[in-house]
Structure formats: C-alpha cells, structure tokens
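J.: Sequence:
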Amino acid sequence: IAISPSNAPAMGNLIRRVAPSIPVMTIDAHLIEADRDLRATYLGTDNYEMGVLMAKHAMELKPDGGTVCLQLGNVAADNINARAAGFRDTIAGEKVDRLTGQNGWTEVDGCPVFTNDQIDLANQQMQDVFTANPDLDAFILIGGWAQFGPQAYAQVTDQVKDKLDSKELVIIAGDTLPPQMDALRAGRSHAQVGQRPFEMGYRAPTVMMELIEGKTLDPIIYTGLDECMADNVDSCLAQ
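At position 123 of the sequence shown (counting the first as 1) the number is 123 in my numbering, and the numbers step up by one without a gap.
Treat each hint with caution, since some may be false.
Unchecked claim - Derived lysine-lysine pairs resembling DSBU-like cross-links, with alpha carbons at most 30 Å apart:
#1 K62 to K167
#2 K163 to K62
#3 K161 to K56
#4 K167 to K56
#5 K167 to K95
#6 K163 to K56
#7 K161 to K62
#8 K95 to K56
#9 K95 to K62
Said to hold, decoys possible - Pairwise CB distance ranges (calculated):
#10 Y222 to A10: 20 to 26 Å
#11 P197 to I22: 21 to 27 Å
#12 C236 to R203: 19 to 25 Å
#13 D120 to E168: 22 to 28 Å
#14 G214 to P134: 57 to 63 Å
#15 I1 to P179: 29 to 35 Å
#16 A238 to R98: 29 to 35 Å
#17 D109 to R17: 35 to 41 Å
#18 A76 to M209: 29 to 35 Å
In short, the hints are calculated from the structure, not lab data.
The C-beta atom is built at its ideal place from N, Cα and C for all residues, glycine as well.
Given only the sequences and the hints, what does the whole structure look like? Please build it.
T.: Below is the structure:
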C-alpha cells in the first residue's frame, strides 16, 4: 500500500497498532523521523531541499532581507515542516525555529499561519497578513493552497499588485500546477518551486510491484524539483 500522511504522527501510530503484513510505502509525504522504519521506501520530493530553493529565490529577490511570513498547512504535516525548516535554515545559515533578524530576515508577528489545507482559509490569511503588515517584504506559500483558488487568489493579490510589480513585496510558492503557473505569468508570484506529482504517480506502481516481489529498494527515492520564474515560465517544467 502507498500512503501520503497529512498527519504523520497519527499515521505512524496507526501503522504500529495495526502492524500490517504487507509492505507500506509513503508517497509525497514522509512519516516522522522516529517512524521511518515502518515504511519500506519513500517516493517523492526532497522537501527540505524544496525549502532551500524557496529561500534562495527569496534572497535573490531581496538581497538585504526583510520581513517575511510563512504560510504552512497542517501543523503535523512532516513534508511541509521540512520545507519550512529548509527555508529558515538556509536564510539563517544555521538551524533555527524562527527568523529573528538573521541575515536581515524577520518573521512578522502572527506568522507562520496554518491553512489546515483549506483554500478559502489560505486566501483569507494572505489578505489578513497583507492588511496587518503593509510593509511586508515577502510572503512564502510553503504549499500552494491559496493559488488553488485562482479567483480568490487574484482578488487577494489585487490589493498588493503594485507592490508585486515593483517587487517591494515578493511572493514565492510551492508547486507548479496550472493555476499556479497562470498566477506566475500574471505577475501574482515571483517564483514557483514545483514538485513532480506526475512522476510520483507514474513511478509508484512500479515501486509497489518491486516491493511485492520482495526487492530491496533505496529507503528514499526522490523525484526532483522544478524552479519557475517569469523569465523561464514556458520552459521550466520537466517533461
């Protein structure tokens, strides 16, 4: 069976309790570190590296740093937390739980915000953060939630479109699905760091068959990342 745990601790507890006799693989989302022995392999994104790339784009766009808000999903989602860690660690140059001025970057009060994977809540949070922090320098969607509601996302970014155009405010987001690429083309984000969900789905049946056949696989199988900006928006996605 292939699972994608949105609540990694709870899923780990369930697997330990049930003790399935068939191989379990995770796809797209990890179990927590202490439960990694419960799965045969992980197929998906290097989520920490995804956060690293988001940070690199933020630093290129804002070399002097600034104020930033991170938008996360479920508080217990290991993949999202790994991305946030990659972002913060890269910005700070060391492992930190929060940016408090390292290399010029500071997380504003009230952030990070957690969407609980709800599109409407994600857009409302963006609007609230923009209103409460008119001088915000960067908003980082660690996942793509708000952009999955393109009409609402357009309305939210309309209020700061002049700042986006001048790069007074920059938006960097995770994932590169069609509505997100449309947002990038429209200047409603400055960089998208994308997973490869098709690759995950395409390779998963083969990996599952190999597990059924008793083959020993690498504990982690990464599927790669794409980096999309305005200047490569039509050529950045892996084929």
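J.: If a hint holds in the structure, say so; if it does not, say that too.
T.: Hint check results:
Simply put, K62 and K167 have alpha-carbon atoms about 9 Å apart, close enough for the 30 Å limit, and the pair holds. A threshold of 30 Å between alpha carbons decides the hint, and for K163 with K62 the separation of about 13 Å falls inside it, so the pair holds. Our distance criterion of 30 Å between C-alpha atoms is met by K161 and K56, whose separation comes to about 23 Å. With a CA separation close to 16 Å, the supplied pair K167 and K56 stays within the 30 Å bound.
Annotation: proposed proximity of K167 to K95 holds, straight-line Cα distance about 28 Å (limit 30 Å). Distance restraint check for K163 and K56: the Cα-Cα separation of roughly 20 Å lies within the 30 Å cut-off, and the hinted pair is therefore satisfied. Distance restraint check for K161 and K62: the Cα-Cα separation of roughly 17 Å lies within the 30 Å cut-off, and the hinted pair is therefore satisfied. For the proposed pair K95 and K56, the alpha carbon gap of about 16 Å is at most 30 Å, so the pair holds.
Pair hint K95 plus K62 holds up; C-alpha atoms about 21 Å apart against a cutoff of 30 Å. Distance hint check for Y222 and A10: the Cβ-Cβ separation is about 25 Å, which falls inside the suggested range of 20 to 26 Å. At about 24 Å, the CB distance of P197 to I22 agrees with the hint of 21 to 27 Å. Separation of C236 from R203 is about 21 Å and conforms to the stated range, judged on CB atoms against 19 to 25 Å.
Between D120 and E168 the beta carbons are some 27 Å apart, a value that agrees with the proposed interval 22 to 28 Å. A hinted range of 57 to 63 Å holds for the C-beta pair G214 and P134, which are about 60 Å apart. Between I1 and P179 the Cβ separation comes to about 30 Å, which falls inside the hinted range of 29 to 35 Å. Between A238 and R98 the beta carbons are some 33 Å apart, a value that agrees with the proposed interval 29 to 35 Å.
Taking the beta carbon of each, D109 and R17 are about 40 Å apart, inside 35 to 41 Å as hinted. At roughly 31 Å, the beta-carbon separation of A76 and M209 lies within the given 29 to 35 Å, and the hint holds.
The structure agrees with every numbered hint stated previously.
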